[in-house]
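> Take a look at the letters that make up each chain.
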Amino acid sequence: MALVGCSAPRRLTRLTRSLASVSSKPPNPHSVGPYQVFDRRAKQLQKDRAAVREGGDRSRLVDYVREEVADRMMERVMDIKRKFNTVLDLGSGPGHFSKMLEPDTTSKVVMIDSSEELLNRDPDSEFEVEVQRIHADEEHLLETIPPNSQEAIVSCLSLHWVNDLPGVLIQIREALQPDGVFIGAMFGGETLFELRTALQLAELDREGGISPHVSPMTDTRDISNLLGRAGFTLLTVDIDEIKVAYPSMWELVEDIKDMGEGNAIIGRRHFIPRDTLAAASAIYKALHGSEDGTVPATFQIIWMIGWKPSPTQPKPLERGTGKTSLKDAL
Amino acid sequence: MTLKTVATQKTSPLRRFALHSTTTCAPQAEVYGKCILATYTDVSKDACKEEFAKFGACLREAVSIYPSVLQY
Numbered sequence: 001m002a003l004v005g006c007s008a009p010r011r012l013t014r015l016t017r018s019l020a021s022v023s024s025k026p027p028n029p030h031s032v033g034p035y036q037v038f039d040r041r042a043k044q045l046q047k048d049r050a051a052v053r054e055g056g057d058r059s060r061l062v063d064y065v066r067e068e069v070a071d072r073m074m075e076r077v078m079d080i081k082r083k084f085n086t087v088l089d090l091g092s093g094p095g096h097f098s099k100m101l102e103p104d105t106t107s108k109v110v111m112i113d114s115s116e117e118l119l120n121r122d123p124d125s126e127f128e129v130e131v132q133r134i135h136a137d138e139e140h141l142l143e144t145i146p147p148n149s150q151e152a153i154v155s156c157l158s159l160h161w162v163n164d165l166p167g168v169l170i171q172i173r174e175a176l177q178p179d180g181v182f183i184g185a186m187f188g189g190e191t192l193f194e195l196r197t198a199l200q201l202a203e204l205d206r207e208g209g210i211s212p213h214v215s216p217m218t219d220t221r222d223i224s225n226l227l228g229r230a231g232f233t234l235l236t237v238d239i240d241e242i243k244v245a246y247p248s249m250w251e252l253v254e255d256i257k258d259m260g261e262g263n264a265i266i267g268r269r270h271f272i273p274r275d276t277l278a279a280a281s282a283i284y285k286a287l288h289g290s291e292d293g294t295v296p297a298t299f300q301i302i303w304m305i306g307w308k309p310s311p312t313q314p315k316p317l318e319r320g321t322g323k324t325s326l327k328d329a330l
Numbered sequence: 331m332t333l334k335t336v337a338t339q340k341t342s343p344l345r346r347f348a349l350h351s352t353t354t355c356a357p358q359a360e361v362y363g364k365c366i367l368a369t370y371t372d373v374s375k376d377a378c379k380e381e382f383a384k385f386g387a388c389l390r391e392a393v394s395i396y397p398s399v400l401q402y
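Sequence order for the protein chains is V and F.
Throughout the first sequence, residue numbering follows the working numbering, covering 1 to 330 in sequence.
Throughout the second sequence, residue numbering follows the working numbering, covering 331 to 402 in sequence.
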């Protein structure tokens, strides 16, 4: 009896420990639909944990990339000479962009994010306009927001974790009023290619194979096609780059974790051996390191602006109605 | 903060490992990195095995909780 009494709790703890690394039940990686790349539940947990780590201090410390992008997005919003009643911030996080909105741009901002902890990280007093927070999944926007209801929707660095990007863009277009505007920024292109290549080379050399650690990225070409397919008009798509220097790969990886931007690919490896990590750190430095001893990390941001069609919008003239010959002008 | 104080502070084992991989064992890491850099267009398993063995040995020595004299 004594033996049973002793071994039962131990077995129990071992069981719970082995479950600790299983954050959620991901869909079977071998039988998923075409649009299942990311484990949304794991992503939500990562963001929730990042937001509460050390009372939110770690999360605030790593706001630098998002604040820079929010600032650049503000410039684009200022170009639209219109006063909004409400702006919808999709995938707002704690509101990096929403905090920059001023009363002469909009009277109110509605923030939607799937991570409740991150959504409520910062108090209302940091915002200059009225703020409403909705804890909802960005992928099912139309379940929260009625169609034809929004004047402007912005999304600042959240669409890169969306599985069904074409579907979300269509939902955004549906949620907009006619002549409503959508402005989005997402990580894409060559984002974190240094980390991707360093880890791939390290895994190849140390273990003889590779597994995904950095998300597959969307390309600018894809975005123009997707916006067109979703039914937006007057499209603007461009790409922008932010390079950040880190002391070494370790700091980069730690900051990514604190940003809540860790790996959330379905079927990812939950563990990297230390040998591989040390090798990756050495390769990162040898392959990409700067002369001053730091290592760079590239963040590429794809910007997109699209308008919901409306009869009042300016349209190109019919073919053959031009009165001035280009030959005279040139 | 000196290397010694950081290394002896109660930091997580992974932090200590990270620290040593970029400071104490930086020379070995550089040799290993250069080896991969020379072959990175055609890397196979254990392409730089010897270089990594030295790097790994240095790391194990550095993060060991026993003074190195006991090991010899």
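Calculated from the structure, these hints are not laboratory results.
Glycine included, every Cβ here is placed at the ideal spot set by N, Cα and C.
Some clues are possibly wrong.
Said to hold, decoys possible - Sample of chain V residues with no beta-carbon within 10 angstroms of chain F, all distances over it, derived:
id	residue
1	ARG121
2	ASP275
3	LYS285
4	ALA286
5	LEU326
Claimed, not checked - Partial selection, computed: residues in chain V whose CB lies under 7 angstroms from chain F:
id	residue
6	ASP124
7	PHE127
8	LEU201
9	LEU204
10	GLY208
11	SER211
12	PRO212
13	SER281
14	ALA282
15	ILE283
> Which constraints among the numbered hints does this structure fail? Numbers only, ascending.
The structure conflicts with hints 2, 3, 4, 6, 7, 11 and 12, although it agrees with all the remaining ones.
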